[in-house]
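Peer 1: Produce the complete structure using the sequences and hints provided.
From first to last, the protein sequence lines are chains A and B.
Taking numbering that gives the first Met the number 0, I'd label the letters of the first sequence as residues 0 to 129.
Taking numbering that gives the first Met the number 0, I'd label the letters of the second sequence as residues 0 to 290.
To be clear, the hints were calculated from the coordinates, so they are not data collected in a lab.
We put the beta carbon where it would ideally sit given N, CA and C, even for glycine.
Errors might be hidden in some of the hints.
[Unchecked claim] Here are the simulated DMTMM-like pairs of lysine to aspartate or glutamate, each with C-alpha atoms no more than 25 Å apart in a straight line: (1) A/Lys72 x B/Glu212; (2) A/Lys37 x B/Glu210; (3) B/Lys67 x A/Glu109; (4) A/Lys19 x B/Glu39; (5) A/Lys72 x B/Glu210; (6) A/Lys115 x B/Asp216; (7) B/Lys67 x A/Asp112; (8) A/Lys37 x B/Glu214; (9) B/Lys40 x A/Asp90; (10) A/Lys107 x B/Asp152; (11) A/Lys72 x B/Glu215; (12) B/Lys158 x A/Asp119; (13) A/Lys93 x B/Asp144.
[Said to hold, decoys possible] Okay, the calculated beta carbon distance ranges per label pair: (14) B/Lys18 x A/Ser106: 47 to 55 Å; (15) A/Tyr116 x B/Ile183: 47 to 55 Å; (16) B/Lys113 x A/Glu96: 37 to 45 Å.
Chain by chain, the residues:
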Amino acid sequence: MSEEYSLEIVNPEKSFLSKKDVTEVVAPAFEGEIGILKDHISIISFLKPGIIKIYSKSGEDSYYVNDGIIEFKNNNLSILTSLIFNLKDIDKQKISEIMKSAEEELSKSEISDQAKYLLDQKIEVLKSIN
Amino acid sequence: MASLDDLKKRISSVKSTQKITKAMKMVAAAKLRRAQESAEKGRPYSEKMNNIILNLSNGISDIENAPKLLSGTGEDKVHLCVVMTSDRGLCGGFNTNIIKKAKIFFQKILDDGKTLKIITVGSKGYDQLKRVYGDNIIERISFKDSKNVNYFDADKVGKIVIEKFEKQEFDVCTIFYNQFKNVITQIPQEQQIIPLNTSEKAENSSEDNYEFEPEEDEILSNLLPKNISTQIFKAMLENSASEQGSRMSAMDNATRNAGEMVDKLTIEYNRSRQAAITKELIEIISGAESL
Numbered sequence: 000m001s002e003e004y005s006l007e008i009v010n011p012e013k014s015f016l017s018k019k020d021v022t023e024v025v026a027p028a029f030e031g032e033i034g035i036l037k038d039h040i041s042i043i044s045f046l047k048p049g050i051i052k053i054y055s056k057s058g059e060d061s062y063y064v065n066d067g068i069i070e071f072k073n074n075n076l077s078i079l080t081s082l083i084f085n086l087k088d089i090d091k092q093k094i095s096e097i098m099k100s101a102e103e104e105l106s107k108s109e110i111s112d113q114a115k116y117l118l119d120q121k122i123e124v125l126k127s128i129n
Numbered sequence: 000m001a002s003l004d005d006l007k008k009r010i011s012s013v014k015s016t017q018k019i020t021k022a023m024k025m026v027a028a029a030k031l032r033r034a035q036e037s038a039e040k041g042r043p044y045s046e047k048m049n050n051i052i053l054n055l056s057n058g059i060s061d062i063e064n065a066p067k068l069l070s071g072t073g074e075d076k077v078h079l080c081v082v083m084t085s086d087r088g089l090c091g092g093f094n095t096n097i098i099k100k101a102k103i104f105f106q107k108i109l110d111d112g113k114t115l116k117i118i119t120v121g122s123k124g125y126d127q128l129k130r131v132y133g134d135n136i137i138e139r140i141s142f143k144d145s146k147n148v149n150y151f152d153a154d155k156v157g158k159i160v161i162e163k164f165e166k167q168e169f170d171v172c173t174i175f176y177n178q179f180k181n182v183i184t185q186i187p188q189e190q191q192i193i194p195l196n197t198s199e200k201a202e203n204s205s206e207d208n209y210e211f212e213p214e215e216d217e218i219l220s221n222l223l224p225k226n227i228s229t230q231i232f233k234a235m236l237e238n239s240a241s242e243q244g245s246r247m248s249a250m251d252n253a254t255r256n257a258g259e260m261v262d263k264l265t266i267e268y269n270r271s272r273q274a275a276i277t278k279e280l281i282e283i284i285s286g287a288e289s290l
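Peer 2: Quick look at the structure:
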């Protein structure tokens, strides 16, 4: 039996990526990284800023996501995210832009602990890829 | 009858207007294609989001403790209406149709003795509503500067709505926009986004038992604000496609009308020119006869 399942990543503007031969996805879920293999139990979770790793028959890809929701059901993985880009073709300028706005947000006093945690995460991840 | 010179001037002015409307039609047609494409591309996201939320809300057993964005405040006193219109005019009945729909709704709310608050998105809506409902408008947003519809603009509107909801400034939120059906037809829509209408069944809602990480209600309370931005974004996409479609057909009509007018004026021009020539001939002939 094959060990592949299908993956679809959509952002508000379009369907970003669709693959049929995915073997494993590692995603930065809110409560820690989760790896999803075929026949995983149905799951809904949401993502924090981080790197999604996609292993497929055709190779391995890494993407940066800002946030998102992940739904796995009947061997269909859907990821909804507002901002995503491939680490291969990152735009340094764009990253520093996102980082700057995150830092600005962080410097505001009236943000919640959760928001602060997410922003910290974001900056850390962005630093690591820059 | 107008003089020959006047007619000439009118013909050339109608012709140059026709040139403008023709150019606007072309531009709208090009923009329409792009807007339509992005509206179609944006659909999977909002559909998926909707599906997940429906699945989630079906899984919630304890309605009492459900997030307020889903279940509402339990009251129905203060209505917030987000009226989404365009920033530019000359697009036929596009804005008027939304406003008309919204006004009927406003009247109903006011007749029931409820409080009405309005947020206008797009400057044309504000212009049309300020005279009658000026006191009800609490916020006006315009995205004149951003070239294309983008998610971050929608997110801004969504955040404003949610912030107001958390401050308990309203109970029910409805958005008004035009749904794009085809170039000629756009249907003005009212859609309630808070509390969410979950009566419709999820597309493939089965007895699926999802594993949730973290808990359902935490996911829901994170998802619902996103859903509001998504719905607003969807409305903005539909709106921009409708606006271009509406402008295209309006400008098409205008071009045709201008063409008809030019024809009519040309006939009138030729007739009066002929009349002048005949008059001159008669004068010459009768002058020659009298000699």
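Peer 1: Holds or violated: the 47 to 55 Å window for the beta-carbon distance between A/Tyr116 and B/Ile183?
Peer 2: 51 Å, holds
Peer 1: With a cut-off of 25 Å on the C-alpha distance, tell me whether B/Lys158 and A/Asp119 pass.
Peer 2: Holds. B/Lys158 to A/Asp119 sits at ~21 Å (cutoff 25 Å).
Peer 1: Check the hint pairing B/Lys67 with A/Asp112 against an upper bound of 25 Å on the C-alpha distance.
Peer 2: 21 Å, holds
Peer 1: Measure nothing beyond the straight line between the CA atoms of A/Lys19 and B/Glu39; if it is 25 Å or shorter, mark the hint as holding.
Peer 2: 22 Å, holds
Peer 1: Regarding the pair A/Lys72 and B/Glu212, is the alpha-carbon distance no greater than 25 Å?
Peer 2: Between A/Lys72 and B/Glu212 the Cα gap is close to 14 Å, so the pair holds against 25 Å.
Peer 1: Next pair to validate is A/Lys107 with B/Asp152; report whether the Cα-Cα distance is within 25 Å.
Peer 2: 21 Å, holds
Peer 1: Within a Cα-Cα threshold of 25 Å, do A/Lys93 and B/Asp144 meet the stated pairing?
Peer 2: Holds, because 20 Å separates the two Cα atoms, which is no more than 25 Å.
Peer 1: Between A/Lys37 and B/Glu214, is the straight-line Cα distance small enough, at 25 Å or below?
Peer 2: Holds, at about 23 Å.
Peer 1: Given the hint that A/Lys115 pairs with B/Asp216, does the C-alpha gap stay at or below 25 Å?
Peer 2: 21 Å, holds
Peer 1: Need the status of pair A/Lys72, B/Glu215: alpha-carbon distance at most 25 Å?
Peer 2: Holds: A/Lys72 and B/Glu215 sit about 16 Å apart, inside 25 Å.
Peer 1: Please work out if B/Lys67 and A/Glu109 have their alpha carbons no farther apart than 25 Å.
Peer 2: 22 Å, holds
Peer 1: Please test the hint of 47 to 55 Å on the beta carbon pair from B/Lys18 and A/Ser106.
Peer 2: 53 Å, holds
Against the hints set out earlier in the document, no violation occurs for any number.
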